[in-house]
Structure formats: C-alpha cells, structure tokens
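With this note's numbering, the residue at position 37 of the sequence shown is 1222, and numbering never jumps.
In short, the hints are calculated from the structure, not lab data.
We treat Cβ as the ideally placed atom computed from N, Cα and C, and that holds for glycine.
It is possible that some hints are incorrect.
Simulated restraints on C-beta separations [unchecked claim]:
hint, residue 1, residue 2, range
1, Asp1344, Ser1207, 22 to 32 Å
2, Val1269, Asp1192, 29 to 39 Å
3, Ala1375, Thr1282, 42 to 52 Å
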Amino acid sequence: ADANATDVGDLTATRAGPAGQSSTTHGYTSGGQPAVNVIDKFTFSADANATDLGDLTESKAEPSGQSSQTHGYASGGQVGDPSVTWVRTIDKFSFTTNGNASDVGNLGSTTWAATGQSSSTHGYSSGGFVNNIPYPAATSNAISKFPFASDGNVTDVGDLTEYRYQASGQSSTTYGYVSGGFRNAPFPNAFINIIDKFPFS
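Make the full structure from the sequences, and use the hints.
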C-alpha cells in the first residue's frame, strides 16, 4: 500500500553521504561524513537500531555502494578533515560474517560522490567528482564496471549523457540508472533532473 515512511531505528552514529548496500535480509550503511569507517547493519525482518558490523579500510565520505549476493562494496570517496583527499579504493565486506572490509581493487581515478549500481555479476560506479579532470569540468561522465566473481580494478564501459555527481543510482535486473545530481562542478554547479539508463549486458 502507498503510505508515508516511518522511523524504524537509528544508525550507530550520525552521518551524511554514506554508501548503501543490501543483502536479501539486511541493509548496510558504510562510511559517511564527517569521514568515518563504520559499516552499520540493520535487519529487514524487524524494526530495530543498526549494529556495528566492522570497519572500512579507511574513513571515507560519499563512496558509491554496490551489492552482490554475498558481499557489499564501498567504492571511492573522500578522506580527511579538514584536509581532504579523494581515493579510488574499492572496499569489500561480507554479508554472512561480521568483520572489516578489505581492499579488492581500484576505480579508474580518485572519485567521490559517484553513484553505484549492481547487476547479478558486476558492480558499477558512474559519474562522480574526480581530481584528475581540470576545473571547471571536474565532474565525470564515466561508467565503470568491476566483477563480483574475482577481485580486481574497474574497466570503463561507457559514458553518461551528462557530467554529474551526487546523483542517485538504481538497478533493475538488466539496466542501471542514474538520476538527478549536479553538473560541471564547481561552477555553474547546476541541479539537473535527467534520468540516464545503461545496459548491464
């Protein structure tokens, strides 16, 4: 039924810009701002507060989140406060056992505020704010892909229609979607309402 949201619990710490992951039974919240390394876990079967599952390999804000059937991923992000550094690491943690994440690969560039999507076999990181593109076009339009079956770096599989960051990501069984966001940071830093779609196949 259509209805408003309800408050069903709390994270272990207040934060903005974390990555989200999902197993069949639990939701996960990893990283966030101010830069933290906490991986929180909460159950879908009952309303309750989150518990601390483990730590990312480093504290990072605004990573992108991906989910396989067995693991969660937090890709890229920014570390440090007040001195900020962007990172390219892909962190992986288990859904079945509590524990810390491990570094299993790298994005193509240091990236934060990208959006994540997941197929049954691969994770995707699209768009984002990157520091190897000179201003004013410091946002990315790249769609990157990494396999769930083996640890490794991403490959570039295509481009979004817009350079953008801080968008939301969605996944069907066959397509990834990127909706909204900012374009051309830091100026003119315009809001956009475009929904992009790209094939997993």
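Verification of the hints:
no. : hint                           : in the structure
1   : Asp1344 to Ser1207: 22 to 32 Å : 27 Å, holds
2   : Val1269 to Asp1192: 29 to 39 Å : 32 Å, holds
3   : Ala1375 to Thr1282: 42 to 52 Å : 44 Å, holds
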